[in-house]
Amino acid sequence: MKTIFYCFLIFITATISSCTSDAKIDSSPAIADRPLTEYVNTFIGTGGHGHTYPGATMPFGMMQLSPDTRLDGWDGCSGYHYSDDVIYGFSHTHLSGTGVSDYGDILLMPTDKAVYNNGADGKEGYSSKFSHDKEKASPGYYEVHLDDTDIDVRLTVTERAGMHEYKFPSSKNQFVMLDLEHRDKLLQHDLQLISDTEIIGKRFSSAWATEQMLFFYITTSHPIKNWNTKQEVTPKKIALNFDNPNNEPVSIKIGISAVDEAGAKQNLETEIGNKDFETIKKQANHSWEKQLNKIVIEDDNYDNKVNFYSALYHTMIAPNLYQDVDGRYRGMDLEIHKTKDFDYYTVFSMWDTYRAAHPLYTIIEQERTNDFIHTLTAKYDEGGILPIWDLSGNYTGCMIGYHAVPIIADAYLKGIRDYDVDKAFEAMLHSANQDKLGLESYKKYGFIPVELESESVSKTLEYAYDDWTIAQMAKAMGNEEKYAEFTRRAQNYKNMYNPATGFLQGRYRNTWFAPFKPEEVNFNYTEANAWQYSLYTPQDISGHIDLMGGDAAYEKHLDHMFTAKMETSGRHQADITGLIGQYAHGNEPSHHMAYLYNFIGKPHKTQEKVHEILTTLYHNAPDGVSGNEDCGQMSAWYVMSALGFYPVTPGSNQYIIGTPLFDKATINLENGEQVTLIKNGVGKYIESIDYDSASLAKAEPISSSFLTHDIITESGTLVYNMSAQPTSWATAVEDRPVSAITEELITAVPYIESGAISFSDTTTITLNTIDADAEIFYSINGSEFELYESPIPISEPISLSVNAVKDDKISHTLTTEFYKYDKNMSIVLEHTYANEYSAGGNDALIDGMKGTQDFRSGSWQGTQKEDVVATVDLGSSKEVQQVRTSFLKDQRSWIFYPKKVIFELYDENKKLLKTVSEKLPETGKEEIVAIHNVNLKTAVKNVRFVKMRALTYGKLPEWHLGHPYDGNAWIFVDEITVK
Numbered sequence: 001m002k003t004i005f006y007c008f009l010i011f012i013t014a015t016i017s018s019c020t021s022d023a024k025i026d027s028s029p030a031i032a033d034r035p036l037t038e039y040v041n042t043f044i045g046t047g048g049h050g051h052t053y054p055g056a057t058m059p060f061g062m063m064q065l066s067p068d069t070r071l072d073g074w075d076g077c078s079g080y081h082y083s084d085d086v087i088y089g090f091s092h093t094h095l096s097g098t099g100v101s102d103y104g105d106i107l108l109m110p111t112d113k114a115v116y117n118n119g120a121d122g123k124e125g126y127s128s129k130f131s132h133d134k135e136k137a138s139p140g141y142y143e144v145h146l147d148d149t150d151i152d153v154r155l156t157v158t159e160r161a162g163m164h165e166y167k168f169p170s171s172k173n174q175f176v177m178l179d180l181e182h183r184d185k186l187l188q189h190d191l192q193l194i195s196d197t198e199i200i201g202k203r204f205s206s207a208w209a210t211e212q213m214l215f216f217y218i219t220t221s222h223p224i225k226n227w228n229t230k231q232e233v234t235p236k237k238i239a240l241n242f243d244n245p246n247n248e249p250v251s252i253k254i255g256i257s258a259v260d261e262a263g264a265k266q267n268l269e270t271e272i273g274n275k276d277f278e279t280i281k282k283q284a285n286h287s288w289e290k291q292l293n294k295i296v297i298e299d300d301n302y303d304n305k306v307n308f309y310s311a312l313y314h315t316m317i318a319p320n321l322y323q324d325v326d327g328r329y330r331g332m333d334l335e336i337h338k339t340k341d342f343d344y345y346t347v348f349s350m351w352d353t354y355r356a357a358h359p360l361y362t363i364i365e366q367e368r369t370n371d372f373i374h375t376l377t378a379k380y381d382e383g384g385i386l387p388i389w390d391l392s393g394n395y396t397g398c399m400i401g402y403h404a405v406p407i408i409a410d411a412y413l414k415g416i417r418d419y420d421v422d423k424a425f426e427a428m429l430h431s432a433n434q435d436k437l438g439l440e441s442y443k444k445y446g447f448i449p450v451e452l453e454s455e456s457v458s459k460t461l462e463y464a465y466d467d468w469t470i471a472q473m474a475k476a477m478g479n480e481e482k483y484a485e486f487t488r489r490a491q492n493y494k495n496m497y498n499p500a501t502g503f504l505q506g507r508y509r510n511t512w513f514a515p516f517k518p519e520e521v522n523f524n525y526t527e528a529n530a531w532q533y534s535l536y537t538p539q540d541i542s543g544h545i546d547l548m549g550g551d552a553a554y555e556k557h558l559d560h561m562f563t564a565k566m567e568t569s570g571r572h573q574a575d576i577t578g579l580i581g582q583y584a585h586g587n588e589p590s591h592h593m594a595y596l597y598n599f600i601g602k603p604h605k606t607q608e609k610v611h612e613i614l615t616t617l618y619h620n621a622p623d624g625v626s627g628n629e630d631c632g633q634m635s636a637w638y639v640m641s642a643l644g645f646y647p648v649t650p651g652s653n654q655y656i657i658g659t660p661l662f663d664k665a666t667i668n669l670e671n672g673e674q675v676t677l678i679k680n681g682v683g684k685y686i687e688s689i690d691y692d693s694a695s696l697a698k699a700e701p702i703s704s705s706f707l708t709h710d711i712i713t714e715s716g717t718l719v720y721n722m723s724a725q726p727t728s729w730a731t732a733v734e735d736r737p738v739s740a741i742t743e744e745l746i747t748a749v750p751y752i753e754s755g756a757i758s759f760s761d762t763t764t765i766t767l768n769t770i771d772a773d774a775e776i777f778y779s780i781n782g783s784e785f786e787l788y789e790s791p792i793p794i795s796e797p798i799s800l801s802v803n804a805v806k807d808d809k810i811s812h813t814l815t816t817e818f819y820k821y822d823k824n825m826s827i828v829l830e831h832t833y834a835n836e837y838s839a840g841g842n843d844a845l846i847d848g849m850k851g852t853q854d855f856r857s858g859s860w861q862g863t864q865k866e867d868v869v870a871t872v873d874l875g876s877s878k879e880v881q882q883v884r885t886s887f888l889k890d891q892r893s894w895i896f897y898p899k900k901v902i903f904e905l906y907d908e909n910k911k912l913l914k915t916v917s918e919k920l921p922e923t924g925k926e927e928i929v930a931i932h933n934v935n936l937k938t939a940v941k942n943v944r945f946v947k948m949r950a951l952t953y954g955k956l957p958e959w960h961l962g963h964p965y966d967g968n969a970w971i972f973v974d975e976i977t978v979k
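Residues in the sequence shown are numbered from 1 upward in steps of one, following the numbering used here.
Mixed in with the good hints there might be a few duds.
Stated by the list, open to error - Distance condition first, Cα-Cα at most 16 Å in a straight line; then the derived EDC-like pairs of lysine to aspartate or glutamate:
1) K129 <-> D84
2) K113 <-> D147
3) K202 <-> E181
4) K809 <-> E485
5) K947 <-> E918
Note that these hints are calculated values from the structure, not bench results.
Please build the complete structure, drawing on both the sequences and the hints.
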């Protein structure tokens with residue numbers, strides 16, 4: 001392949017030796033300059049908020065044998081944090097990059113005396129100081145020196161088993177602590193020494209997975225002196241004292257199983273058997289080398305190569321194998337199943353990984369992708385629904401959407417179909433037709449109202465995208481009915497668009513959630529604010545651009561997002577990290593946004609932003625990722641973006657072009673095909689792209705700013721010709737990627753533009769719609785619908801129903817209740833409420849609208865660190881028979897009942913007439929949500945003012961998870977009623 005170089009001032013660039021026309025480009029596959037495992041830094045992500053672990057595991061393996069340096073806390077989710085200097089021991093299961101803690105099963109720790117305390121309380125324990133100077137790790141291997149006991153530790157693994165090797169300083173006092181109480185709550189256990197070199201047992205525990213079952217079988221190289229000591233009760237911890245007079249290295253082999261002890265034993269005997277440590281270590285290294293060779297890169301920048309292969313490594317850790325060598329596994333019903341037809345997995349972090357990790361697997365892990373989908377449909381059979389976030393046979397109830405759906409659809413549409421397609425599609429439809437998690441409202445109204453479900457905006461947007469993937473799969477299967485139905489549902493995002501702000505925004509009782517601050521983190525969004533969800537319409541980017549007013553308005557919004565102040569308000573959200581303006585690379589909702597400039601003909605801005613993220617938010621250091629690794633998604637973004645493309649819309653078979661980072665990269669596919677990508681020239685901007693493959697007579701230019709899946713999965717060569725300056729490449733309308741819904745177009749639900757939902761005298765209701773040509777119809781109190789032509793004045797409570805019609809297509813109908821309260825009544829607040837828990841503002845406690853059990857619905861007024869103090873002015877002197885109010889408790893969310901509520905009744909001269917009070921019940925440790933209604937009889941005449949004081953619980957109790965963080969309880973109150 002030939003190209004023409006245009007060279008200016010060439011000699012000022014030391015890295016370029018010559019520049020001539022028609023220079024020949026070497027299109028041969030990339031060649032590794034050393035074993036690729038040597039480029040993996042397993043410590044990347046172990047610092048900061050990456051939440052990774054450095055220990056030994058196999059590609060997608062069941063066992064993760066790694067040191068534990070932290071027992072709890074958010075940054076201890078993986079069990080290890082690079083800032084720590086104490087190791088508690090080495091456990092056999094770990095999660096990679098999650099935001100919730102679990103695992104850390106079956107702790108082993110070599111030491112020099114029988115000490116049953118772990119030392120976390122500051123007292124003598126089996127833990128030990130260590131130094132990173134005496135710590136090493138590579139794929140499938142880990143070693144460390146324990147400073148306090150002068151013991152050297154080495155670890156390695158197979159898929160379902162592991163090996164420890166300990167070198168003690170002396171033949172005397174060789175102990176290994178086996179601790180089944182380590183980390184999470186122990187539900188059941190067994191621990192039996194069946195010979196002087198064999199141990200069997202089980203550990204059932206509760207944490208994120210509420211009922212995790214794990215069995216183990218251990219063999220030791222040296223006899224255990226105290227193996228036959230009689231125990232009155234089955235121990236949870238035991239000190240193994242080894243007989244090793246020649247002071248040889250002590251090796252411990254362990255197999256694990258979710259099925260039973262026999263399965264654990266068979267796993268160990270099959271995978272390790274009599275093999276020694278070095279053999280297993282070499283096997284693990286060989287497996288990882290084979291995996292990493294799926295993508296080979298050439299580049300002069302060492303750190304870039306470390307970042308890349310460390311990222312590729314992290315994409316290959318989860319999901320985890322969850323099946324014994326004989327095919328048995330524990331399903332979502334916690335019963336034992338068996339299959340030899342596919343490998344069964346767990347740890348599907350699909351809210352994260354559907355975006356880039358699973359699309360990456362459709363390129364380099366097609367066989368395993370078939371197994372993933374087999375697994376998901378099996379989970380559907382076992383548990384009754386596709387999982388959202390499954391863990392060890394448990395539905396965790398974590399995250400939103402039904403993102404198993406796009407994972408299946410994306411694979412199917414790419415031709416990966418070695419599974420029961422009809423069963424998979426059935427499971428997809430089943431998930432989409434549930435009524436929980438806001439889906440009932442979503443189906444009924446075309447969006448989820450704020451008052452009916454938390455995270456309503458995010459859920460509506462993500463359901464709409466998931467529905468689009470169902471539609472695409474239905475179309476490919478020839479199911480026109482489901483294609484039409486889910487294409488209409490895929491447009492529900494339109495009902496969240498507020499033209500006044502240009503944001504996708506919550507609708508509270510059919511008004512726009514207010515006060516609106518796009519930087520505010522509140523419960524309308526999932527782990528994000530309005531900025532970070534403002535452009536989440538991957539299924540209909542063109543339609544969203546039109547809503548926003550065209551290309552220029554869309555570009556302005558993108559520019560503003562990347563340059564806005566890097567500050568958030570509202571509640572603290574630890575996941576919002578890696579900020580560039582309000583773009584938050586440390587969490588997934590932002591991951592596609594840098595690529596959106598391509599859709600408006602500004603690919604040079606995509607190239608700038610992608611290059612900035614690649615080179616500033618990923619580093620060869622423990623804190624080298626900008627947020628939780630999230631089971632491979634943070635790394636998958638890097639892997640794909642460094643290759644020069646990214647799947648903005650999984651299910652479209654398109655990859656949006658960014659900018660390549662490496663001189664050359666070759667993707668080695670499972671079928672033997674090779675795709676080579678070459679960066680020709682310097683700079684981050686693309687001048688042109690040339691493509692050649694066996695199916696072409698000669699190389700052809702690619703003028704569009706996207707690639708298709710076929711190009712990435714058949715042998716060929718892509719040459720990115722680079723420029724140091726922005727170019728006009730792919731700016732023409734016909735060269736832009738298109739994501740557009742053009743069939744089965746819906747009419748959006750009209751909204752209340754102005755008018756108070758709760759009013760004291762009169763209010764005037766103004767309706768509007770995002771559809772310029774739509775007609776709005778309304779009904780009052782169940783009357784016939786009539787055409788809306790002018791604002792509607794009301795002076796009494798009403799029920800208002802609205803819909804819209806365009807091109808004979810009628811929108812969903814939405815009904816809103818309007819409330820009237822005494823116009824003479826007013827309220828003065830002495831406390832400060834949180835903006836995200838305003839319940840509508842200062843009058844929220846007398847507006848007649850009561851909160852539900854979901855504190856995130858926007859109906860409760862919340863305050864923290866102070867008493868709630870409010871004085872109601874009745875407007876004139878009245879006889880008061882009763883005063884009422886309500887409080888919410890949700891201790892898991894730090895919402896506690898106040899200790900006491902006091903009502904003081906005053907006359908018009910503010911003379912105290914009577915005081916009544918009630919001591920509220922204890923909130924308690926139970927994780928239940930409840931509302932406590934306070935009803936106090938008064939029977940007092942001539943009352944003008946009613947003052948309520950609710951005494952804050954204050955600091956969280958010692959038993960509460962928030963206590964170590966000096967947490968304070970919230971008070972959530974709603975509605976003061978005076979009868």
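> In ascending order, which of the hints set out earlier in this document are inconsistent with the structure?
Replying inline: none
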